[in-house]
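Asks: Please build the complete structure, drawing on both the sequences and the hints.
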Amino acid sequence: MFRRILCSLALAWLLAGPILAQPQEGLSVEYTQFTLPNGLNVILHEDRTVPVVHTNLWYLVGSANERPGRTGFAHLFEHLMFEGSGHVGEGEFDTLLEGVGGNNNASTSQDRTNYYISVPSNALELALFLESDRMGHLLKSISPDIVESQRDVVKNEMRQSYLNRPYGRVWLELPGLLYPSGHPYSWPVIGSMEDLSAAGFRDVTDFFRRYYVPNNASLVVAGDIDPVRTRALVEKWFSDVQPGEPVTPLGAPSVALHEVRRKTLTDKVELPLRVIAWHTPAILTPGDAEMDLVASVLTGNKNSRLYRRLVHEMQIAQQVSASQLSQRLGSVFVIQFIPRPGHTLDEVQKVIEEELELLRREPPRPQELQRTLNGLEASYLKALERTSSKADQLNAYSMYTGNPDYFEEDLARYRAIGPEDLSSAVRRFLPSDRRVELTVLPEQEDSK
Amino acid sequence: MKRFLLTLLLALLTLAPAASQAPDRSAPPRPGLPPGLRMPPVLKKQLPNGIPVWFVQRKKVPLVSVHLLFQAGAMQDPVGQAGLASFMTACLDEGAGSRDSLEFADAVDMLGADLSANCSFDGTVVGLEVPSARLEPALDLMADMVLRPRFSPAEIDRLRARMLTSFLQMRMDPPSLANAAFLWAVYGPDFRYGTSSSGTAAQFAALTRQDLVDFHRRLCHPALASFVVTGDVEPERAMALLSQRFGGWSASGPALSQVPTRAVPTRGSGIFLVDRPDSPQSVLRVGMVGVERATPDFFPLQILNTVLGGSFTSRLNQNLRERNGFTYGASSSFAMRRAPGPFLVSTSVQADKTGAALMEILSELEAIRQPIPEAELEKARNYAAYSFPGQFETGTDLAARVLEMQMYGLPDSYFSEYVGRLLGVDAGAASQAAIRTLAPEAMALVVVGDARVVRPQLEALNLGPVRVLEIDEFLGPAVPIPSAAP
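Chains A and B are the protein sequences, given in the same order. Residue numbering for the first sequence is 100 to 547, as defined by my numbering. Residue numbering for the second sequence is 264 to 749, as defined by my numbering.
No lab work stands behind these hints, which were simulated from the structure alone. Please note that a few of the clues may not be correct.
Derived DSSO-like pairs (lysine-lysine); straight-line CA-CA distance at most 30 Å [to be verified]:
hint	chain 1	residue 1	chain 2	residue 2
1	B	K322	B	K307
2	A	K335	A	K239
3	B	K616	A	K367
4	A	K401	A	K481
5	A	K481	B	K307
6	A	K367	A	K449
7	B	K308	A	K481
8	B	K308	B	K323
9	A	K449	A	K401
10	B	K322	B	K308
11	A	K481	B	K323
12	B	K307	B	K323
13	A	K481	B	K322
Listed next, the stretches of chain A that the computed footprint assigns to chain B, with coverage defined by at least 3 CB atoms under 8 Å from CB atoms of chain B [to be verified]:
hint	segment
14	193-201
15	393-403
16	408-422
17	433-443
Here are the computed distance ranges between Cβ atoms for each label pair [what the hints assert, rightly or not]:
hint	chain 1	residue 1	chain 2	residue 2	range
18	A	E145	B	L306	25 to 35 Å
19	B	G510	A	P530	49 to 59 Å
20	A	Q466	B	E667	35 to 45 Å
21	A	R514	B	E399	16 to 26 Å
22	A	Q543	B	P341	29 to 39 Å
23	B	A526	A	Q543	37 to 47 Å
24	A	R464	B	S361	13 to 23 Å
25	A	V354	B	P452	47 to 57 Å
26	A	E145	B	G299	14 to 24 Å
27	B	A723	A	S296	23 to 33 Å
28	A	E456	B	G672	51 to 61 Å
We put the CB at the ideal spot given by N, CA and C, even for glycine.
Replies: Here it is in C-alpha cells:
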C-alpha cells in the first residue's frame, strides 16, 4: 500500500544496505553540514537534475526503545505524526502537500524512524514548515480519538502484512527466538495486538517529549536547492523548536545462542518453509561486510552456491535466499528456503549444510567475490542517480559513522575482503550447533 | 575561559540570522511559481535496417540503459495458449549464443549489468542497464538473448516446473486469488484479459519447445522492434555498437500482427466469494471493464482517479482508512491498454467489516459521478500535474517515458504538454468521464475471505445472490509438478 511502511527486518536491510563506489573513481557526495543550537543535525545536498526537493528526517528512535507491554508503539507513533500538529489541522498535512504536487511517507525500524517528503522545489518552505511544526508542536493537536483511529489502521496493517500473508508470522516469531526476553530486539517492530490495544494517550506524550526532540534527529534536505538560502530557511523554521534531555543511545548486552533453538508453526501455505538464523556483527562493524558477501556467494545470483545447486541443478527447492540483516545493536544472518513439491525441508537443508561446511573449509574462488563486487558497484551508481536515495544514505552514514559522505569508505570495507576472510567468517559466525531454526508447515500437515 | 569564549562566539554566529524569534506559523508558506517540466530532447535515429533508435542523453552517473521494445506481448498469445509470451520471454536469458544458462548469467553478473526481458499485454521489453564503460560486451549479451536464444529442452522443463510451482503457491495467496477471480469475473475465460499475462497452469503446462521457438521468431521480429537508449553514452558510439549487432537483422517470416479489436465481453455484475477459512481480513476487488490507452478521456480520468483512489487523500482511502479504520489502505486504478483494461478498487479490510466496507466503496463509486467540488479538484489537478516532473530523474525513468511514447504512438510534444493538459481538466470533463466510464451497478464485487464470517454480511447488503467460487473455476485445476530428471 502506499504509505506508512513498516520496516521489517528485510526492509531495514535494504534501506541500510551496502552500496559500493566505482573503484577507479572514488565517488563521493558533496554536502554542507551544520548543527542548530537546539542540537538538530542538518545536511544539505544540491542536485538539480529535476526540480524536486526531498527532506529526509531521522529520529534516532525505533522499536528497540520500546518497553515491554508497549511493543509496536514506535510505529504506532509514526502514524500519529501525519494527523496534524499545532498549526496544521487534522488531515491538512497530506492535503497541503498533495496540493502542491508533493508526496510523503515514513518508515520505522528497530533503530530509527524516518520521515520523508518530496515536493516540487517551489514548495520547499512548505515542507520545512510541516516537518518543523510536527517536531515542535505535535502535542497541541493529538487527541485520544486520533490515537484510537490510527490504532485500528495499524492493526489492519498487521493483519495485511503478517497475519493474512503466507509465511507472514515468521517475522513475528523470529525476534523472540533469537533474543532473550527483555532485549530491545526481542519483539517485532509491528508489536503485538495486545500491546497495541494497551497503548494510551499518556504513552504518546511521554514518547514524544523523550525522543522527538531536535537533539535526537538528523535532517537532510537534498535536490533542487540553493544551499545558502536553504540553510536560512532551515534556521528560520527549526531554530525555535525546544531541545529535550539528551537521549542516551541504547546499549544491549551481547547475545549468544548456545544450542539450536527450533520452533514449528502452521500456516495456510502450499509448501513448507524454514528459516535458519544466526547472530552476526552489527552494522558497519568488522564482520558485517563479510556477511553481506557470504550472503551473495550463497544465493546472490544464478551461479551462487545454494541457488545453483538447489534451484538450478537439483531442482529440489523453489526458493532459497540468504541475507545479512544489518542492525545497530547486532545483526542477524538468515537463510530461508522452500522445497519443491515432492521434496522435504530436510532434504534441502542437507545440501545447505554441505555447502556451509565447504565454505568453512575452503575459501571461495576470487571470481565469486568479483561477481558480487561488480554488481554492488553498479547498484551504488544507481543509488547515486536518485536524489531521494542519496538523502536517506547521507542520513544513514551520518547516524552510523558520523560521516555523511561515507560512500568511499563503505566501498573500501568490501574491497578489503579476501576469499579466506569469508571462510573464516562462516566458521566464526555461522556455526551449525548454535542457531535458530523456524519452520512453517502447511496446516493439513499438522499431525506429521 | 577559552572554551567559554569560543562557545559564545559560535552561538552568536549560528544564532545571528534566526535569533530566537519564532517564525510566523499562522498560515502555511505559499509555494512560489511551479517549476516547469524540463523534458530533455529526444534524438531519433535509425539502424540501417530501419529499426528506430531514440536517445535521451544524461551524464549524471556513468550508467547507460538500452531498452529494446517489441510491439507485441501477452495479448498475442494464441487462444488456448495463455502464457506463451510470458514463458518465451522468460526463456531468453536461459542460455543464448555460445553460453548455457549459467554461463550467460555469469557473463551478465561479471559486467555488473542488469539484463532481463519482460512482457506485458501490449509489448515485450528487453532491458539492459550497465556501467557505461562495459556497454559493448553487455550489448553482445543482449544481442545473443534476442537473436540467438537456445530454448534448450532442459531449461524449458526447469522453468516450467518452477512456474507451475508458483501457480500452486498462488492458490494460497489472498491478493493473488482476489486478482485472478476479479479478472475472470469481469472478462470471462475467453478474452485474454481474463487471466494474468502468465496465463493459467493448465495452459502453461501444455506449451512445447516448438511453440516457444515459433512464437519467438514472430515476436522478436525487426518489424516490431525499436530501441530506447538513455544515460551516459554518446549517440554516435551507441549507434555504431547497435548497428554492428542489430543493423543487419532481417526478418525470417511474418511478424505477429495486432489482434483485431474484439468486442470486450460485458459480463453482468455480481458478488463473488472465495472462501478462505479463518482469514483475519477480506481482500476486496470491485470494478469493471475500463478504458483503452487511446481514450479521449485519458486526462480527465487521471484527475478523476486521483480524487477517487489514486492518492493518500483520495476519497476511498480517507473513508476506509482514516475515517473508518477498516483497512491499512484503499486505492483505485485504471489499467489502460490497447484494449480496455480493468478499472478496479483494491483493499483489504478486517473480516468483520467486509459488508460495511463494500457499502462505503459502492457509495464512493456512486458519488464520484457527481461534479467534484472545486477545491478537491484543484488539489487533485495539482497533485497529478506537479508531481509529474519528478518522474524524469534517472536514466530508467526517462526510458520508461520514451518507451511509452513508442508503445502508444504518442506525439513528440506529449510530455511537454502533459502538465498543462492535466491542469486543464475541469469539473464538467471529470464528471462526464465518470458517467461514461463507471457504472457501479455493472461492477463485479470479489471477496476473498472467511465465508462463515463474510457471507452473512454480504447477504445483508441485499445486492443480489452471492456466488461462491471454487479456485478451480477461475484458476483452472492445479497441475502436478513434474519432478526434475536427475
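Asks: Next step is simple, just say for each hint if it's right about the structure.
Replies: Taking the hints in turn, this is what the structure says about them:
Proposed proximity of K322 (chain B) and K307 (chain B) is supported: the alpha carbons are some 18 Å apart, at most 30 Å. Simply put, K335 (chain A) and K239 (chain A) have alpha-carbon atoms about 21 Å apart, close enough for the 30 Å limit, and the pair holds. A hinted pair counts as satisfied when its Cα atoms are at most 30 Å apart, and K616 (chain B) with K367 (chain A) qualifies at roughly 22 Å. Annotation: proposed proximity of K401 (chain A) to K481 (chain A) holds, straight-line Cα distance about 21 Å (limit 30 Å).
A threshold of 30 Å between alpha carbons decides the hint, and for K481 (chain A) with K307 (chain B) the separation of about 26 Å falls inside it, so the pair holds. For the hint pairing K367 (chain A) with K449 (chain A), the CA-to-CA distance comes to about 25 Å; that is within 30 Å, so the pair holds. A distance of roughly 27 Å separates the Cα atoms of K308 (chain B) and K481 (chain A); the hinted pair therefore holds under the 30 Å criterion. Distance check on the hinted pair: K308 (chain B) and K323 (chain B) sit about 23 Å apart at the alpha-carbon level, within 30 Å; holds.
Proximity of K449 (chain A) to K401 (chain A) is assessed by CA-CA distance (about 20 Å); at most 30 Å being required, the pair is judged to hold. Restraint check: the Cα-Cα separation between K322 (chain B) and K308 (chain B) comes to about 20 Å, which is no more than 30 Å; the hinted pair holds. A distance of roughly 10 Å separates the Cα atoms of K481 (chain A) and K323 (chain B); the hinted pair therefore holds under the 30 Å criterion. In summary, the hint linking K307 (chain B) to K323 (chain B) is supported, as the alpha carbons are separated by about 21 Å, within the 30 Å threshold.
As the CA atoms of K481 (chain A) and K322 (chain B) are separated by approximately 13 Å, the hinted pair is consistent with the 30 Å bound. With 8 residues bearing a CB less than 8 Å from a CB of chain B, the segment 193-201 of chain A meets the requirement of three and the coverage assertion stands. Counting residues of the segment 393-403 of chain A whose C-beta sits closer than 8 Å to any C-beta of chain B gives 3, which meets the bar of three, so the coverage hint holds. Judged by the Cβ-Cβ criterion of 8 Å, the segment 408-422 of chain A is covered by chain B as claimed, because 6 of its residues qualify and three suffice.
Note: the segment 433-443 of chain A has 3 residues with beta-carbon separation from chain B under 8 Å; the three-residue rule is met and the coverage holds. Look at E145 (chain A) against L306 (chain B): about 28 Å separates their beta carbons, and that is inside 25 to 35 Å. For the pair G510 (chain B) and P530 (chain A), the supplied restraint of 49 to 59 Å holds, since their beta-carbon distance comes to about 57 Å. Against the hinted window of 35 to 45 Å, the Cβ-Cβ separation of Q466 (chain A) and E667 (chain B) comes to about 39 Å, which satisfies the hint.
Here the CB-CB span from R514 (chain A) to E399 (chain B) is close to 25 Å, well matched to the stated 16 to 26 Å. The hinted range of 29 to 39 Å is satisfied by Q543 (chain A) and P341 (chain B), whose Cβ atoms lie roughly 37 Å apart. Checking the proposed 37 to 47 Å range against A526 (chain B) and Q543 (chain A) shows it holds: the Cβ atoms sit about 44 Å from each other. The beta-carbon spacing between R464 (chain A) and S361 (chain B), approximately 22 Å, falls within the hinted interval of 13 to 23 Å.
Take V354 (chain A) and P452 (chain B): their Cβ atoms lie about 55 Å apart, and the range 47 to 57 Å holds. The supplied range of 14 to 24 Å is met by E145 (chain A) and G299 (chain B), whose beta-carbon atoms lie about 19 Å from each other. Look at A723 (chain B) against S296 (chain A): about 28 Å separates their beta carbons, and that is inside 23 to 33 Å. A beta carbon spacing of about 59 Å between E456 (chain A) and G672 (chain B) agrees with the range 51 to 61 Å that was offered as a hint.
Of the numbered hints listed earlier, not one is contradicted by the structure.
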